[in-house]
Structures are given as C-alpha cells and as structure tokens.
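Note that full-length UniProt numbering has the sequence shown beginning at 1, numbered continuously upward.
To be clear, the hints were calculated from the coordinates, so they are not data collected in a lab.
Note that CB positions come from ideal geometry on N, CA and C, so glycine has one too.
The reader is advised that the hints may include incorrect statements.
[Said to hold, decoys possible] Calculated lysine to aspartate or glutamate pairs in the EDC-like style (CA-CA distance at most 20 Å, straight line):
1) K91 <-> D59
2) K184 <-> E200
3) K184 <-> E163
4) K91 <-> E80
5) K273 <-> E299
6) K270 <-> E251
7) K405 <-> E247
8) K405 <-> E473
9) K492 <-> D480
10) K87 <-> E110
11) K270 <-> E247
12) K87 <-> E67
13) K114 <-> E165
14) K278 <-> D261
15) K405 <-> D348
16) K278 <-> E299
17) K231 <-> E200
18) K108 <-> E80
19) K270 <-> D295
20) K231 <-> D261
21) K172 <-> D193
22) K108 <-> E163
23) K492 <-> D479
24) K270 <-> E299
25) K492 <-> E468
26) K114 <-> D193
27) K270 <-> D232
28) K114 <-> E67
29) K273 <-> E352
30) K270 <-> E301
31) K91 <-> E110
32) K172 <-> E192
33) K184 <-> E199
34) K405 <-> D295
35) K278 <-> E247
36) K273 <-> E413
37) K108 <-> D89
[Said to hold, decoys possible] Using C-beta positions, here's what the derived DEER-type ranges look like:
38) Y235 <-> T208: 27 to 33 Å
39) G293 <-> I182: 48 to 54 Å
40) N418 <-> P166: 52 to 58 Å
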Amino acid sequence: QVSDGSLTVLSVSREDRGAYTCRAYSIQGEAVHTTRLLVQGPPFIVSPPENITVNISQDALFTCQAEAYPGNLTYLWYWEEENVYFKNDLKLRVRILIDGTLIIFRVKPEDAGKYTCIPSNSLGRSPSASAYLTVQYPARVVNMPPVIYVPIGIHGYIRCPVEAEPPVTLVKWNKDGRPLRIEKYAGWNLLEDGSIRIEEATEDALGTYTCVPYNALGTMGQSPPARLVLKDPPYFTVLPGWEYRQEAGRELLIPCAAAGDPFPIIAWRKVGKPSRSKHNTLPGGTLQIRSLGKDDHGEWECVATNIVASITASTHLTVVGTSPHAPTSVHVVVAMTSANVSWEPGYDGGYEQTFSVWYGPLMKRAQFGPHDWLSLPVPAGSSWLLVDTLEPETAYQFSVLAQNKLGTSSFSEVVTVNTLAFPVTTPEPLVLVTPPRCLTANRTQQGVLLSWLPPANHSFPIDRYIMEFRVAERWEILDDGIPGTENEFFAKDLSQDTWYEFRVLAVMQDLISEPSNVAGVSSTDVFPPPDLTDEGLARPVLAGIVATICFLAAAILFSTLAACFVNKQRKRKLKRKKDPPLSITHCRKSLESP
1 QVSDGSLTVL SVSREDRGAY TCRAYSIQGE AVHTTRLLVQ GPPFIVSPPE
51 NITVNISQDA LFTCQAEAYP GNLTYLWYWE EENVYFKNDL KLRVRILIDG
101 TLIIFRVKPE DAGKYTCIPS NSLGRSPSAS AYLTVQYPAR VVNMPPVIYV
151 PIGIHGYIRC PVEAEPPVTL VKWNKDGRPL RIEKYAGWNL LEDGSIRIEE
201 ATEDALGTYT CVPYNALGTM GQSPPARLVL KDPPYFTVLP GWEYRQEAGR
251 ELLIPCAAAG DPFPIIAWRK VGKPSRSKHN TLPGGTLQIR SLGKDDHGEW
301 ECVATNIVAS ITASTHLTVV GTSPHAPTSV HVVVAMTSAN VSWEPGYDGG
351 YEQTFSVWYG PLMKRAQFGP HDWLSLPVPA GSSWLLVDTL EPETAYQFSV
401 LAQNKLGTSS FSEVVTVNTL AFPVTTPEPL VLVTPPRCLT ANRTQQGVLL
451 SWLPPANHSF PIDRYIMEFR VAERWEILDD GIPGTENEFF AKDLSQDTWY
501 EFRVLAVMQD LISEPSNVAG VSSTDVFPPP DLTDEGLARP VLAGIVATIC
551 FLAAAILFST LAACFVNKQR KRKLKRKKDP PLSITHCRKS LESP
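With the hints as extra help, turn the sequences into a complete structure.
Pasting the structure below:
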C-alpha cells in the first residue's frame, strides 16, 4: 500500500525481496532513491539434487544450492535417515563443499540409496530435497552357504545368492569342478533368477556346486564352493483339523506339531486379511486365540520350517455370533436408465442375512458419502438387484451392505459406472445406383439384339441386370440373371406380327435401380427363315456353287486354247532362224517345258 509517500508491504514473503525505487516529482524536477529489501527467513533451495547413476569405484557428485538472508548457510547430508558423517565406511569417503555440493569418492554398491540435502541458517524450519544414487556393478555372489540342504521326497532348490545392478542375465553352474548340464537331470529346471529347481532329489544331486552370475557389466567371479546334502524334510506329528467353529469372545486352541532334523520352528499365519485379535503360538506349536473376534474368521496356516524345507498345513476357522461379513465381487451391468447389481455374499456370522444396495451419483459421493446415498432392499435369498430410474449418461457409484440380527457388515467395495447415453442415430452412407443407359434394340435373322450402357453412378459393382418386356400394358420378366459384366442380351423366339417393348434394370446389393429407357421393335419385318433343298442346302447357296463351277470350267478352256496358239507361233519362228545360241535354245526349252 502507498500512503503519503510511504510504501507498506503486508505479510512479507520471500518473493517480495529485491530493489525498490521511489520517485518524487515537482515543477522544479524530480528526486530518485533506490533501496533493497532483504527478507529474513529459512533457506530456499533453488537447485535441488538430481538422481545420478555411476559405476562402481567412480566418484558421485550431488549439487544442492540454496538462498537465504542472513546467508550464513550450512548444509547437512543424509543417507536414508543417517548423517553421512555418522555412517561407517561412508564417512571416510564423503566431502561437503561450502556451496552444498556432496562428493562421494570411490562409490561402493552399499552406497546406493536416497540422499537428502538440508540447508540451514538457524531461522525457521529448514527445507529438504532428496535424490537417489544408483551404483552399477558386475554381478556378484554374496553369502553363499557352505552347505546346501535339499529335502528328500519333495521339491527343493539350489540357490545362487546374487547381487547385481543392472539385474542378472545369466547364471552358470559347476558341479564337482565341471560345467553342470541341467538337461541331463530329470526334473531339474533353471529358473529366471539362476536358481535350480529339483522336482525330487536323488543321490545323483550329491556333490559340490559353484555358480558364476553375469549381468551387462560382467561378473565379479565365481562363488565359494557349496556342498549339497540330502536330508529329510520336517514332518507334522500333529495336524490341525479341517475346520473349527467357535463363538465370538471364546478362547480357541488349534493343535499343530512337527519334527525333523534339525528340529523345525512352527509359526501360524492367517491367509488374506490379518487378524487383529491377540494370538500366539504355544511352545508345542498350538495356536492360542484368547478371545475370538470377527477378524479371526477365515483360513489359517501352520508353517513348520527348518534349514531343509518349509511345510504347511491349513484349517478353516468359523467364528459364530458376529455381524455378517462384507459382500465381495460386486459387479454392475448398466443400461441407459438402469443398472443390474450382483455380488458374492460374505459369511453371514451364523445368522440369516439380508442385503441392501446403496447408490448415488458420483458428485454426491464426494460431498456426502455412502451413508447419504439412496438404498434399496434386496428380496430374501437373492444376490442381485435391478436398480432403475437412473439418469442416462451419468456416473454412479454402487455398494452393497449386509445385515443380520446382530448388526451390519462393512460396505463392500465401491464400484463406479457410467449409464449409457441416448442412442445417437447416425445417417447411413448414401447407396446410389442410377438406371442403365441408352438401351437399343436391333433386329437380326435369329431375333432381337438388345444393347445398353451401365449406370452412370453406382456405389458398388453391379451384381446383375433384369430384362423386362411387354406386348400390352403389363411388364414381364424376360431374364433376371444377366451378369453385371454383360451389356448385351439376345431375345429369341419372338411372336410374329407383334410389337415388343424392352427395358433393363440394374441390381446392386439387393437394391434395384429405376428402369432404363424403353426400346421398341416390331417382329413383323423380321427376316424369314431361309428355305432348304431336299438335300438340306439353301437354294441361293446351291446356285452360287453351280455358277462357280461353270466359271472355273470356262477359265480352264480359255487358258488351254491360249496356250496352244502361243506354242504354234513359237514353232514358226524357230524354223526361220538357224543355229540359235545355246543359251537361247535352253531358254526356249525352258519355256516349252511348262
């Protein structure tokens, strides 16, 4: 606020720091003064550290730059939750520079993790910023046991305890100093993590094993040798029963005991949702629950473990006299204004249970919660309900509640769905076929030849044509199967002295076009059929043959007379001349020879 030449800044924040200039004006001129506002407070990190990845034995560097007034900044760095100067093996290889930079010399795989920078100037609450260090190194074996125990009669594992960054890509095994060919052993499989799974161990598995892991950076070498020993797995001497039923609030003991070499340790665990009741395992392996609660209902497992193997035995505990358990597997199938809700009933607590479906629009769920939704009762014995009177294209949430005479269950999981929208009718694409064009009719001796052009426009290929005719008012089909690739049709066996009219229609995907133009023709002037002789030949054809023979005979006679005349003339000339040249004589002989 500016008042009487003074500037007042209310509730100063860090963004208000900087230079301020005051200007005073009068007719004699102006005066200018600049001052700088410094805002005291805790530091502000302007350049937080960033995640980095380095290879083993390299140096790692994190930057952390802060601003503050007063500027007497100090920086603290933490690995996970521990000061780097207090962490063994790391405190001798770190240095914090005056500008907040953290340097880690000759990093090791153990240095990987989250590093946090905290600048401080003793004012207010110090900020913090974190980044992660990833150390890449070749694959290595850690804590390989000297003895590997494999159970007899059940499946077991030969494990290679590996650390690697990036992850392991290959593990090679040796047995008794030679490469192990796993495919030679029936029931042996190499798993993705490099472990060997043995379906059932025999004496063939005995020996000394070593493993060599590899990743993208290579390997740090072979593991120490480990001797494989076959031992009997632990076994149960007392098994729990299949099922136990007990009232809520009562004490329950479930027996379980096992033996083996070495002697196994027995522990109990609940499958699925853990129990909140106080329960413990007695020295002999028996499960003790002092006061049964609703959460104790369900599947329990007794686990016996030693260095050879772990075995389990299961039992089911039914707690009677509680409110019902929440329904599960809620499924909602929606329509435009309705939804079909179905579910799997939970345990009824030992009493008959009924259900109710709760629902509401999604926006009301955010404002009020499930208890402010609408609820609908479900008919007894049913595990589904049709909910109607919904709004189309609206998000709804559904949940199912169970109740018996002792109370209600918790709500089932909430399912969110959208009702369908009003169907939108989209216009179908226009399918077009125009009539065939330029139909013509030409008379021939055998009938009428009809020709046409295909339609000018058609969305798809023409399937066929239909040829129609009429001699009166009514059109009749002459042929309805003319292929769509044809553009001609021959009409035969027409009646004499009749006027015919023709038209053609195109068929495309069961859509028939309008008819073409009408072409008319009279059968009155159709050429009569030719007369045949008794021998089956037409008279004009026979006359042509006779004329041709006569012409050929006359031509032969004329040619013969002409040849005789020419020969007589040549003989006369030969008599007049003496001693003709040999070449000429030869030429004459050649001329006479034909």
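Verification of the hints:
no. : hint                      : in the structure
1   : K91 <-> D59               : holds (14 Å)
2   : K184 <-> E200             : holds (14 Å)
3   : K184 <-> E163             : violated (28 Å)
4   : K91 <-> E80               : holds (14 Å)
5   : K273 <-> E299             : holds (10 Å)
6   : K270 <-> E251             : holds (17 Å)
7   : K405 <-> E247             : holds (15 Å)
8   : K405 <-> E473             : violated (87 Å)
9   : K492 <-> D480             : holds (16 Å)
10  : K87 <-> E110              : holds (11 Å)
11  : K270 <-> E247             : holds (18 Å)
12  : K87 <-> E67               : violated (28 Å)
13  : K114 <-> E165             : holds (16 Å)
14  : K278 <-> D261             : violated (31 Å)
15  : K405 <-> D348             : holds (10 Å)
16  : K278 <-> E299             : holds (16 Å)
17  : K231 <-> E200             : holds (12 Å)
18  : K108 <-> E80              : holds (16 Å)
19  : K270 <-> D295             : holds (10 Å)
20  : K231 <-> D261             : holds (8 Å)
21  : K172 <-> D193             : holds (11 Å)
22  : K108 <-> E163             : holds (13 Å)
23  : K492 <-> D479             : holds (12 Å)
24  : K270 <-> E299             : holds (6 Å)
25  : K492 <-> E468             : holds (14 Å)
26  : K114 <-> D193             : violated (26 Å)
27  : K270 <-> D232             : violated (27 Å)
28  : K114 <-> E67              : violated (23 Å)
29  : K273 <-> E352             : violated (24 Å)
30  : K270 <-> E301             : holds (6 Å)
31  : K91 <-> E110              : holds (13 Å)
32  : K172 <-> E192             : holds (12 Å)
33  : K184 <-> E199             : holds (14 Å)
34  : K405 <-> D295             : holds (19 Å)
35  : K278 <-> E247             : holds (16 Å)
36  : K273 <-> E413             : holds (15 Å)
37  : K108 <-> D89              : holds (10 Å)
38  : Y235 <-> T208: 27 to 33 Å : holds (28 Å)
39  : G293 <-> I182: 48 to 54 Å : holds (50 Å)
40  : N418 <-> P166: 52 to 58 Å : violated (43 Å)
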